Amino acid sequence: MKRAFTLIELLVVIAIIAILSAVLFPVFVAAKGAAYQMVAVSNLRQVNQASLMYVADADETFMPALGADEKGQWAWFGRATWKGIDESAGLLLPYEGKRKITDPIVAKTKDYMGDHSGFGYNWGYIGSDLHISGQYYEYPYCLRPARLSELAHPSTTLTFASSNYYAARWEGGDGQDYDFGFVDPIGSRPN
Numbered sequence: 063m064k065r066a067f068t069l070i071e072l073l074v075v076i077a078i079i080a081i082l083s084a085v086l087f088p089v090f091v092a093a094k095g096a097a098y099q100m101v102a103v104s105n106l107r108q109v110n111q112a113s114l115m116y117v118a119d120a121d122e123t124f125m126p127a128l129g130a131d132e133k134g135q136w137a138w139f140g141r142a143t144w145k146g147i148d149e150s151a152g153l154l155l156p157y158e159g160k161r162k163i164t165d166p167i168v169a170k171t172k173d174y175m176g177d178h179s180g181f182g183y184n185w186g187y188i189g190s191d192l193h194i195s196g197q198y199y200e201y202p203y204c205l206r207p208a209r210l211s212e213l214a215h216p217s218t219t220l221t222f223a224s225s226n227y228y229a230a231r232w233e234g235g236d237g238q239d240y241d242f243g244f245v246d247p248i249g250s251r252p253n
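Numbering-wise, the sequence shown is residues 63 to 253 according to my numbering.
No lab work stands behind these hints, which were simulated from the structure alone. Everything numeric in this text was worked out from a predicted model, so none of it was measured. Every residue gets a Cβ at the ideal spot worked out from N, C-alpha and C, and that includes glycine. Please note that the accuracy of each hint is not assured.
[Unchecked claim] The calculated lysine-lysine pairs, modelled on DSBU-like cross-linking and capped at a C-alpha distance of 35 angstroms, are:
#1 Lys94 to Lys160
#2 Lys133 to Lys145
#3 Lys160 to Lys145
#4 Lys160 to Lys133
#5 Lys162 to Lys145
[What the hints assert, rightly or not] DEER-style ranges, computed between Cβ atoms:
#6 Ala97 to Thr68: 36 to 44 angstroms
#7 Ala97 to Lys160: 21 to 29 angstroms
#8 Arg65 to Ala92: 39 to 47 angstroms
#9 Phe90 to Glu158: 42 to 50 angstroms
#10 Ser217 to Val85: 38 to 46 angstroms
#11 Ile81 to Asp236: 35 to 43 angstroms
#12 Arg206 to Leu86: 25 to 33 angstroms
#13 Gln135 to Ile81: 30 to 38 angstroms
#14 Ser217 to Lys94: 31 to 39 angstroms
#15 Leu86 to Ala151: 31 to 39 angstroms
#16 Asp236 to Ala130: 26 to 34 angstroms
Turn these sequences into a full structure, and let the hints guide you.
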């Protein structure tokens, strides 16, 4: 004769599974977060390498952050068109390889002057004229980006970082996060 499980035994097994899942769930969430962080750091290294290849090809000059010409506005990540951003005109595209390099967390946000990569470029001290004048009021003049030799502290100068923009409700925004293609340097000391 077959012996079946009793209701008590089944409830004990379900309780043990529930306790184990409650203990292990935060571990899995933390592991997933750590994996995203490792991918983001690796991709940030790759986008910085692509930037350095651009600098090497451009006579030791960093790429301009943004500008305008007879075809309209453009930024380091592409050209503005009536359909949106044309990423095929991005300055780093030839150096990124076969796939677009992204930050897996920020790239999921909506676009606000960005390219859905999740990375922001240091427009102030590297990609614009700010490294010459030190004055933010001259924004958005990006006619003469910095040369590598002009960086006073190259090992501590930020080129790219994960970047997002929070449109705060108290400033008329919608309270959402957006991908933003630029970062501001911290502090007032140029590069």
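Consistency of the hints with the structure:
1. For the hint pairing Lys94 with Lys160, the CA-to-CA distance comes to about 26 angstroms; that is within 35 angstroms, so the pair holds.
2. Annotation: proposed proximity of Lys133 to Lys145 holds, straight-line Cα distance about 14 angstroms (limit 35 angstroms).
3. Between Lys160 and Lys145, the direct Cα distance comes to roughly 23 angstroms. Compliance with the 35 angstroms bound is thereby established for this hinted pair.
4. Simply put, Lys160 and Lys133 have alpha-carbon atoms about 26 angstroms apart, close enough for the 35 angstroms limit, and the pair holds.
5. Restraint check for Lys162 and Lys145: satisfied, since their Cα atoms lie roughly 20 angstroms apart, inside the 35 angstroms limit.
6. Between Ala97 and Thr68 the Cβ separation comes to about 42 angstroms, which falls inside the hinted range of 36 to 44 angstroms.
7. Take Ala97 and Lys160: their Cβ atoms lie about 22 angstroms apart, and the range 21 to 29 angstroms holds.
8. Between Arg65 and Ala92 the beta carbon distance is about 41 angstroms. The supplied range of 39 to 47 angstroms therefore holds.
9. Taking 42 to 50 angstroms as the suggested C-beta distance range, the pair Phe90 and Glu158 does not conform, at roughly 32 angstroms.
10. About 43 angstroms separates the C-beta atoms of Ser217 and Val85, a value consistent with the hinted range of 38 to 46 angstroms.
11. Evaluation of the 35 to 43 angstroms hint for Ile81 and Asp236 yields a pass: the beta carbon distance comes to about 41 angstroms.
12. Remark: the range hint 25 to 33 angstroms for Arg206 to Leu86 is contradicted by a beta-carbon distance near 55 angstroms.
13. Separation of Gln135 from Ile81 is about 57 angstroms and departs from the stated range, judged on CB atoms against 30 to 38 angstroms.
14. For the hinted restraint 31 to 39 angstroms between Ser217 and Lys94, the CB-CB distance of approximately 32 angstroms keeps it satisfied.
15. Separated by about 47 angstroms at the C-beta atoms, Leu86 and Ala151 break the suggested range of 31 to 39 angstroms.
16. The hinted window of 26 to 34 angstroms between Asp236 and Ala130 holds, with their beta carbons roughly 27 angstroms apart.
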